[in-house]
Amino acid sequence: MDIQWDILAEYAPFFLKGTLLTIGLSLAGILIGTVLGLFIGLGKMMKNKFLSLPFGIYITFFRGTPMLVQIMLIHFAVVPLFTGGTNAIAAAILTLSLNSAAYIAEIFRAGIQSIDKGQMEAARSLGMTHVQAMRHVILPQAFKRMIPPLGNEFIVLIKESSLASLVAAPELMYWGRAMQGQYFRVWEPYITAALIYLVLTLSLSFILSRLERRLATE
Amino acid sequence: MIEVKNLKKSFGTNEVLKDINVTVKSQEVVVVIGPSGSGKSTFLRCINLLESITDGHVYIEGIDITDKKTDINKVRTEVGMVFQQFNLFPHKKVIENIMLAPMQVRNTSAEEARKKALELLRKVGLEDKAEAFPDSLSGGQKQRVAIARALAMEPKIMLFDEPTSALDPEMVGEVLEVMKQLAKEGMTMVVVTHEMGFAKEVGDRVIFMDGGLIVEENTPIELFDHPKEDRTKAFLSKVL
Numbered sequence: 001m002d003i004q005w006d007i008l009a010e011y012a013p014f015f016l017k018g019t020l021l022t023i024g025l026s027l028a029g030i031l032i033g034t035v036l037g038l039f040i041g042l043g044k045m046m047k048n049k050f051l052s053l054p055f056g057i058y059i060t061f062f063r064g065t066p067m068l069v070q071i072m073l074i075h076f077a078v079v080p081l082f083t084g085g086t087n088a089i090a091a092a093i094l095t096l097s098l099n100s101a102a103y104i105a106e107i108f109r110a111g112i113q114s115i116d117k118g119q120m121e122a123a124r125s126l127g128m129t130h131v132q133a134m135r136h137v138i139l140p141q142a143f144k145r146m147i148p149p150l151g152n153e154f155i156v157l158i159k160e161s162s163l164a165s166l167v168a169a170p171e172l173m174y175w176g177r178a179m180q181g182q183y184f185r186v187w188e189p190y191i192t193a194a195l196i197y198l199v200l201t202l203s204l205s206f207i208l209s210r211l212e213r214r215l216a217t218e
Numbered sequence: 001m002i003e004v005k006n007l008k009k010s011f012g013t014n015e016v017l018k019d020i021n022v023t024v025k026s027q028e029v030v031v032v033i034g035p036s037g038s039g040k041s042t043f044l045r046c047i048n049l050l051e052s053i054t055d056g057h058v059y060i061e062g063i064d065i066t067d068k069k070t071d072i073n074k075v076r077t078e079v080g081m082v083f084q085q086f087n088l089f090p091h092k093k094v095i096e097n098i099m100l101a102p103m104q105v106r107n108t109s110a111e112e113a114r115k116k117a118l119e120l121l122r123k124v125g126l127e128d129k130a131e132a133f134p135d136s137l138s139g140g141q142k143q144r145v146a147i148a149r150a151l152a153m154e155p156k157i158m159l160f161d162e163p164t165s166a167l168d169p170e171m172v173g174e175v176l177e178v179m180k181q182l183a184k185e186g187m188t189m190v191v192v193t194h195e196m197g198f199a200k201e202v203g204d205r206v207i208f209m210d211g212g213l214i215v216e217e218n219t220p221i222e223l224f225d226h227p228k229e230d231r232t233k234a235f236l237s238k239v240l
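Taken in order, these protein sequences are the chains called A and B. Here this note's numbering is used: position 24 in the first sequence is 24, and no number is missing along the way. Here this note's numbering is used: position 163 in the second sequence is 163, and no number is missing along the way.
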């Protein structure tokens, strides 16, 4: 296994571009998925069974089917249905967002339901509305508990964004595959990609553990 | 002040309260005693609608809180509650615990809420703990903060749900002391407790509940010294 450094040097700009797109896809997925996930999580917690049912079905579908199938469906079927053409980056963002929203919805629900119900009762007994109690009493406490599982989900999201290479979104893994195709080399492209993914996920866990420590009360 | 009429409460098929009728007058201190599972806590929680009411009516100062049109949040500002497990907000400092509701519900300014909170902390003897977090307090201190938090809304009625049951014995006294002080100031109080000494000393009236019914109610002296019902006698012989 002799590393051919010259082809790595040649591909370096592509790996850089790919890494930036991977970061972009992951960030978009995290942001959209978190906002969507909060609403879906609250939706699933509604007491009315008929109203909460669609949210339950959504979560079941996106957690119960492979992301590879979802990205194919969205890229080749859903996006063309609405726009008439395909767009790999849009499909990737859409898939990552919708998929992570399902997991994040469950993280939100678990976080909120893990708060002792006496907290809600105390807030309500003081005359606060349900929304006020959620906002000032329940969510701040729940959010702190949600950071570790959210961090896991964000890391999974970064890694799963590599599936976008299969619909030809030019992210990190795409350039790895391109390099393999051009030079029939496997070690150089994939070790490089693996290391870059590792740097991304490690940086994220570092940021999250800092955040967790800052939010800790004694 | 409080009027409970034909109150019934079921959890599924389990009927916890079977036809409760109670009237509490202004400035009266009513103590509710009874074995566990007798429905006394549920009864208390129905008075501010923390439990939904299956049947019957509860009037707070003439307002029927079982009426769907009643703004229960408004009624709850008049009815303070103290819980067995304190239920302080652990992510907020002691003073913020007390300031939160007046600022959110009454739109009190932060400055005014802080002044009022410090005053209440002084009253319960914990002025020096204003900037502490609840987790650093002892059980007795937590419960005194909880009382101050409830008082910050300036309620006309205070409900106490076994306020000393989760405390170490040496801390019971400090909480009862604050409650006695409140009673002396003329607060209308309904207290669910196992503290028979408190019931005798402070209670204007004692209600003995068992099996979801009020078995007997009387002045503390009469009820403790001359109980009429066999169930009351049996209960008192075990706890006194």
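In case anyone wonders, no lab produced these hints; they're calculated from the structure. Each hint should be verified, as a subset may be incorrect.
Only pairs whose alpha carbons sit at most 25 Å apart, straight line, appear in this in silico DSS-like list of lysine-lysine [what the hints assert, rightly or not]:
| hint | chain 1 | residue 1 | chain 2 | residue 2 |
| --- | --- | --- | --- | --- |
| 1 | B | 68 | A | 49 |
| 2 | A | 47 | B | 69 |
| 3 | A | 117 | B | 115 |
| 4 | A | 144 | A | 44 |
| 5 | B | 5 | B | 18 |
| 6 | B | 5 | A | 47 |
Bear in mind the structure is a predicted one, so any value in this text is a computation, not a measurement.
Do the hints match the structure? See the list:
Annotation: proposed proximity of residue 68 of chain B to residue 49 of chain A holds, straight-line Cα distance about 22 Å (limit 25 Å). Between residue 47 of chain A and residue 69 of chain B the CA atoms are separated by roughly 21 Å; this keeps the pair inside 25 Å, and the hint holds. At most 25 Å may separate the alpha-carbon atoms for a hinted pair to count; residue 117 of chain A and residue 115 of chain B exceed this at roughly 30 Å. The hinted pair formed by residue 144 of chain A and residue 44 of chain A meets the criterion: a straight-line CA distance of about 21 Å does not exceed 25 Å.
Of the supplied pair hints, the one linking residue 5 of chain B and residue 18 of chain B holds, its CA atoms being roughly 11 Å apart against a limit of 25 Å. With a C-alpha separation of about 29 Å, the suggested pair residue 5 of chain B and residue 47 of chain A falls outside the 25 Å cut-off, and the hint is violated.
Checked against the numbered hints above, the structure violates hints 3, 6; every other hint is satisfied.
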